[in-house]
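Chains as they are written, first to last, in this note's numbering: chain A, 167 to 709; chain B, -1 to 383.
These are calculated hints, taken from the structure and not from any lab test. Remember, it's a predicted structure, so these values are computed and weren't measured experimentally. Mixed in with the good hints there might be a few duds.
Unchecked claim - Straight-line C-alpha distance at most 25 angstroms; calculated BS3-like pairs for lysine-lysine:
id : chain 1 : residue 1 : chain 2 : residue 2
1  : A       : Lys445    : A       : Lys284
2  : A       : Lys345    : A       : Lys259
3  : B       : Lys65     : B       : Lys119
4  : A       : Lys337    : A       : Lys326
5  : A       : Lys337    : B       : Lys333
6  : A       : Lys345    : B       : Lys119
7  : B       : Lys65     : A       : Lys659
8  : A       : Lys659    : B       : Lys97
9  : B       : Lys119    : B       : Lys97
10 : A       : Lys445    : B       : Lys97
11 : B       : Lys11     : B       : Lys0
12 : A       : Lys445    : B       : Lys19
13 : A       : Lys259    : A       : Lys445
14 : B       : Lys333    : A       : Lys326
15 : B       : Lys119    : A       : Lys659
16 : A       : Lys680    : A       : Lys659
17 : A       : Lys326    : A       : Lys259
18 : B       : Lys19     : B       : Lys356
19 : B       : Lys333    : B       : Lys356
20 : A       : Lys345    : A       : Lys659
21 : B       : Lys65     : B       : Lys206
22 : A       : Lys345    : B       : Lys19
23 : A       : Lys319    : B       : Lys11
24 : A       : Lys319    : A       : Lys284
25 : B       : Lys206    : A       : Lys659
26 : A       : Lys337    : A       : Lys659
27 : B       : Lys206    : B       : Lys0
28 : A       : Lys423    : A       : Lys345
29 : A       : Lys345    : A       : Lys319
30 : A       : Lys423    : B       : Lys65
31 : B       : Lys356    : B       : Lys11
32 : A       : Lys659    : A       : Lys319
33 : A       : Lys423    : A       : Lys445
34 : A       : Lys326    : A       : Lys659
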Amino acid sequence: MALEEQGRHRAALDPGSEKKAWARELVWELPGSREDRSQQSRAEAWGRSRACASEGSMSKKGGGGAVKNPGAEPTLGMDPFEDTLRRLREAFKSGRTRSAEFRAAQLQGLGRFLQENKQLLQDALAQDLHKSAFEADVSEIITTQNEVDYALKNLQAWMKDEPGSTNLFMKLDSVFIRKEPFGLVLIIAPWNYPVNLVLVPLVGALAAGNCVVLKPSEISQGTEKVLAEVLPQYLDQSCFAVVLGGPQETGQLLEHKFDYIFFTGSPRVGRIVMTAAAKHLTPVTLELGGKNPCYVDDNCDPQTVANRVAWFRYFNAGQTCVAPDYVLCSPEMQERLLPALQSTITRFYGDDPQSSPNLGRIINQKQFQRLRALLGCGHVAIGGQSDESDRYIAPTVLVDVQETEPVMQEEIFGPILPIVNVRSVDEAIEFINRREKPLALYAFSNSSQVVNQVLERTSSGGFAGNDGFLYVSLLSVPLGGVGHSGMGRYHGKFTFDTFSHHRTCMLTPSGLEKLKEIRYPPYTNWNQQLLRWGMGSNSCTLL
Amino acid sequence: MKDEPGSTNLFMKLDSVFIRKEPFGLVLIIAPWNYPVNLVLVPLVGALAAGNCVVLKPSEISQGTEKVLAEVLPQYLDQSCFAVVLGGPQETGQLLEHKFDYIFFTGSPRVGRIVMTAAAKHLTPVTLELGGKNPCYVDDNCDPQTVANRVAWFRYFNAGQTCVAPDYVLCSPEMQERLLPALQSTITRFYGDDPQSSPNLGRIINQKQFQRLRALLGCGHVAIGGQSDESDRYIAPTVLVDVQETEPVMQEEIFGPILPIVNVRSVDEAIEFINRREKPLALYAFSNSSQVVNQVLERTSSGGFAGNDGFLYVSLLSVPLGGVGHSGMGRYHGKFTFDTFSHHRTCMLTPSGLEKLKEIRYPPYTNWNQQLLRWGMGSNSCTLL
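Chain B on its own, in the form it takes in the complex (with noise of 0.2 angstroms):
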């Protein structure tokens, strides 16, 4: 909450210039179903910690969650300031139709447009954490079974309903050859020979999304895994081969327990197929080479990035996370919450008096003001100082 002063310049040694800052107002939180806590709520402490009036609106689509939230956690805040609404996309729209000083959108591209749209009538700034299909390079230069135990378990973690998960795999078909025991292997470990009892693996959250997924399966061809039961919807840990770029499956953002693998023949190709593509909140890329994994990060861009394991930034307090392009504007998590609920303004207090200090920015100049003012204003003054 401190003030951050800023540095003057010659004409300004006796005034106080610093950054202060300030709440927005009124600002509305709108969170997905898939991290229905800890979506809704991290934003919510960077919201209040910045002194913000906050609306939540969780997703009606994690029933239990939302139930939560709307009875209990009001109970341990001041209510004056802060309220849950709850609804439908209807609803929503609704909302979103009232003036907020901020809205902090999570969910997909397609809604964060129509967030923004909305938030442009009243000129109000938007963060938006979006999606996208975040790809993962697995170099021929690598340990099979170390890669098939990292990309598994950030891919198959809350059955696939991540953000941030590695969506696609992009890597030789040598490398496929080796990389397909050795997932096959990391499943059954993880999730023992019957995922579907596996205490350790989730489900999808609705029919919908269920049946949207099951849908997918058909793409390419099922390597690994490909069973589902609707009346648990529950989708096997799967991994598809023979992939094409223009199935559904490499299509839309997966956001579930299906991994597909899509075949390049080097790291100069798969470069060239991340960046034919929309710019993805996550990218990964797997090598021994250090070099290799630099050239990725280095010819791409993406929300974040990690080379040679999964999503774990996210849970740094230190960096932040945030999209680009498609997959969003703006980051939070950590102090970056907090910057991100607070305008900063610029403040700058000058003494009322010593107006004869004041006296040589008057017209009209005389040579030896206009000289002395362009001198004092240029960059070279102030180094004097």
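Isolated chain A (complex conformation) (with noise of 0.2 angstroms):
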């Protein structure tokens, strides 16, 4: 059945699932016509998800919802996901997550989770996205362990609360900051780094003591499994939940007030998310994406370049938020970094990189088909062929590129690799600037003067001189967008605290009732001269 027809035969079914304007939109969240979908893209995107509609539950259940296995929230009801919801705020509200004991316990579960579901975990990222085992394990596996080990150990300092200063007028009284959950939260995960990107927030989540959903994508579907049926068991079901399904369902999850909403995904989505966000004047992270520029400058060796850009370029078939996007560079540097660029990719993937262990795949045929369409872009330098049967695109790079292109007015998120010519770094970054702020923004230069150049005058998530984006991997500095990248950062203590509500705290004695009277009125002239110095910052100098 097509997707329109489902949908409104859902709707003709139950008029309670009847698509919102906005929750319409969800459903073409991915660039690309409608009309490219292809039965099998269909398939492959509504496919278990829909599992549970097809079984006839579709006349009781309403519009779809949660996948019906063990190990997955059961349907009931107009609206799928009105019981799982109230069930975690009444855990939230019986204060069962508060303790740190609680919050430790939740935090090894998740532990023991990718500790004895390693294999599982690669196979699943291996079928999704054809990530090689080694891969799995830095990208995702080791990076979200790291997050978990490092919440742990830090997580009685970060649960305390922190002292303010006070005035002259208030040394008797205790003022801190205390650190609380919102208490329900709500993750929306994206399918390209689906274990990291849904359990890395998870860890700031729980560390912060807040009931969590998690809406895995539906488009990694190996992962989804794993995170609906088998993460479950490692935490407390009454503070946790997994909830399934593909746009519509995100619509109709979206339409219920949650205390944080924490989105990864595109900026049209993220617009979408905050939208629904704003009616319940819910905050939100929206960790987006953008076209992330990298400019090569003419004194660079451009081997060291080729290496480090098509490392980072092709990493997981270039469907990373943070990989370089596009190169700027002039006409001079460019001869020298293709032929650079080619030998890198062929010492990197081999003569065949699509027999090499180490490319990864297109996630589905829609992204595929996408992706396909954007070789036609200016002309093939390096690779061009793809495999629709493997969802295979071979690492590519693309020259004579026109910025009024498809392949330089999305997010490529793909191994392909346009280059734009420039004349000197002014230029390049008078290009950046003309366009939205990228959530990564690369400077290749072995002149620091340039790279700081690059850095002072353009505006990003993150930035990189001559390296690629290493920096995520590290749990003391954020991760987060500006502008149409998104707003709010995480990793490491940062998730904690986007998770946590930081309540001014004040505790006077209640008694001294006399050392007070002084700011009751009437007011002598004493009075009020002795109040206004007192507030003014130079007394609080003298203490």
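Using the hints, build the complex out of the two chains.
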């Protein structure tokens, strides 16, 4: 049944699942036209999450929802999420998630999940994205494990009240900032690093003492299954749930009130999420995307640059939100870079990259078709091969690319690297600044002055000089966007802070009223002078 | 403004990693009328310190202040980077259609939603300093006069038009009996027998607010005060009793010199009452027992909390003022304002050479490479450095 027909059929059976205008938008969340969708891609996208619907339960259960299997949530009533959310809210109200012991137990459970299901996760990632076990380890499993360990180690310190300094009139008061969970939080994750990008936010949400609803991507089906069926067994299910579904279900989910929403995905859907959040005045973190520019100065070693740029571009077949998206360099530099890039690609992936175990695949047909169309932009300088049956796209470099072509209009999110020519670093900076602020920005030059020029005169979520996105693996610095690439940030303690309300608290002795008398009206001149002076910033220096 | 260094892992020891604070760009500050100088200029301090260009939209309701801000303030700032724009709700709506790089809004939750929805179209981050009904629990175990002094001062300050003021009291009927005469005594002491002639009592901002408040005087019973004077936009410091939860005075943020008392039989009932409602901007608990105060603190959620006193903490520079839930998102004051208006950009600077050291991470991988990389990335390896 075609997608549209499915929707109408569902809506006819259950008026309660009527799509709202903005939920409708979610259906087309990925770039590419509707007509491009093949029967196969529809089946892929809706596949298992429709298994429930196809069992004839639509008439009872409304607009689809969670997959029916032992580990997932039962769907009851018109709104498939109502009961789950109510249950989690009750659990939060009961105070269950507040103690350090409970939080640590959850984090330990998450750690065990990773350790005991390594093979399962590696298999799922191989199935979804053709990730090698090694890549799965370094980009997903180890990173997440590091975050779990870090949170466990620092939980007590993070939870501690932070004292605040007082002024002259408040010396007997205790002033501090207390970190408190928001309550019921929602984490919506994408398909490109489907373990990392759902579990790293989860670490912070659990450490902060929240009840959590995870909505993993339905597109990375192998991982979705493991998260839905296995992960809940390691956590307290009264305080944690995995919900499943496609754009329509996510739209329904977003109608509910959450106390925080953490979303990783495209800017287009980010707008939808923030608009939905605004109705409930729910704060959000949006980890979005963009076209991450990579400026390559004339003054550099082409082979070094080629190695570094290629590795970060083609990792995970380019499906990385912080990957260099396009190169800006002079025509002369391009001449030197191309053979270096070819050399690098051959070195990394062999003469037949399709048979390399270290090159990923495109997640699904829809994305594959989209990327294949981009191969028609400019001219193919390196690569350009594709294989639909394998969802394989060769590591590709495009040249003679115009700014107006699709490959320079949308985030590529694939193993294609266009080179755009500029005549100077000034022109590169101007090009970059004409466009939306990206999530990451790269500058390669032997001259630290040039690198700093680019850093100082542009804006981006993060920046790296002479290398790729290594900083995202560090626990001490945050990952976050700016402008269209997002708002908010996380990793390490930043995730804990993201999912915590910082509550300013002041505790005063209940007696000693005589000391407070001075502030009450009616005021004598003397009172007024003293109060003015006491409040002023000069008085604070005496104490 | 200083870059904050970040610690690196085994593979990044030669790199320089730091967080750089950068201005967002063009920021909008929308301010309300109740503290029209403070609530427009304190955000401005942080916005300027963070290096942004700023558009101020002061409230058109506090007209006197609006005039000074529009006509005099720009003369003291670089007007190529700063502007004051004026107008009512319609103009503000138009303004919000434009793209800003940050929006800082102080006002009601209703308008907060509108601002955030408008911001969402441009993916503009926001701080919303909103409001709510700030509960004030008064335990049986307290000194009524002390409590009356403290609650009254913070309630009637600025004629109650303060987003963090205690909005209503929760106490037992017995406590209420002791509190009422104490409150009367306090009010007389603070404002005299004829509060309308006291120089220390404010007035309601305009007719619309005045009419709204005067209507609230009809809720429950007037225990203290209750007088009003339309020509003066004066409302007497008032205490209401026998108030039902469904009455308007318990349904909307009061924002006036009216203090309703709602009876509860225990601190548990008070906490339950509070938690049934939207999270407020401020929450107060008065008790001689620090255990009771801590109970209330631990079992509720609010922007800020004070035990045994009012909103003094908002004058401190070391702690933030911010809401949660319907009372807002984000926070400011002191460094927190600077941080609010800054993008914290993670930066990593690597030497352009020394490629040999990076070689280990490139495919194809030998077993040895893989093991070393896995180990190097794991958290155990970090402890060695």
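Each hint tested on the structure:
no.: 1; hint: Lys445/A x Lys284/A; result: violated, 40 angstroms
no.: 2; hint: Lys345/A x Lys259/A; result: holds, 17 angstroms
no.: 3; hint: Lys65/B x Lys119/B; result: violated, 31 angstroms
no.: 4; hint: Lys337/A x Lys326/A; result: holds, 21 angstroms
no.: 5; hint: Lys337/A x Lys333/B; result: holds, 21 angstroms
no.: 6; hint: Lys345/A x Lys119/B; result: violated, 31 angstroms
no.: 7; hint: Lys65/B x Lys659/A; result: violated, 45 angstroms
no.: 8; hint: Lys659/A x Lys97/B; result: violated, 31 angstroms
no.: 9; hint: Lys119/B x Lys97/B; result: holds, 9 angstroms
no.: 10; hint: Lys445/A x Lys97/B; result: holds, 20 angstroms
no.: 11; hint: Lys11/B x Lys0/B; result: holds, 21 angstroms
no.: 12; hint: Lys445/A x Lys19/B; result: violated, 31 angstroms
no.: 13; hint: Lys259/A x Lys445/A; result: holds, 22 angstroms
no.: 14; hint: Lys333/B x Lys326/A; result: holds, 20 angstroms
no.: 15; hint: Lys119/B x Lys659/A; result: violated, 30 angstroms
no.: 16; hint: Lys680/A x Lys659/A; result: violated, 43 angstroms
no.: 17; hint: Lys326/A x Lys259/A; result: holds, 21 angstroms
no.: 18; hint: Lys19/B x Lys356/B; result: violated, 29 angstroms
no.: 19; hint: Lys333/B x Lys356/B; result: violated, 39 angstroms
no.: 20; hint: Lys345/A x Lys659/A; result: holds, 12 angstroms
no.: 21; hint: Lys65/B x Lys206/B; result: holds, 21 angstroms
no.: 22; hint: Lys345/A x Lys19/B; result: holds, 24 angstroms
no.: 23; hint: Lys319/A x Lys11/B; result: holds, 22 angstroms
no.: 24; hint: Lys319/A x Lys284/A; result: holds, 22 angstroms
no.: 25; hint: Lys206/B x Lys659/A; result: violated, 47 angstroms
no.: 26; hint: Lys337/A x Lys659/A; result: violated, 30 angstroms
no.: 27; hint: Lys206/B x Lys0/B; result: violated, 47 angstroms
no.: 28; hint: Lys423/A x Lys345/A; result: holds, 21 angstroms
no.: 29; hint: Lys345/A x Lys319/A; result: holds, 17 angstroms
no.: 30; hint: Lys423/A x Lys65/B; result: violated, 40 angstroms
no.: 31; hint: Lys356/B x Lys11/B; result: holds, 12 angstroms
no.: 32; hint: Lys659/A x Lys319/A; result: holds, 11 angstroms
no.: 33; hint: Lys423/A x Lys445/A; result: holds, 9 angstroms
no.: 34; hint: Lys326/A x Lys659/A; result: holds, 13 angstroms
Of the hints listed earlier, those the structure fails to meet are numbers 1, 3, 6, 7, 8, 12, 15, 16, 18, 19, 25, 26, 27, 30, in rising order.
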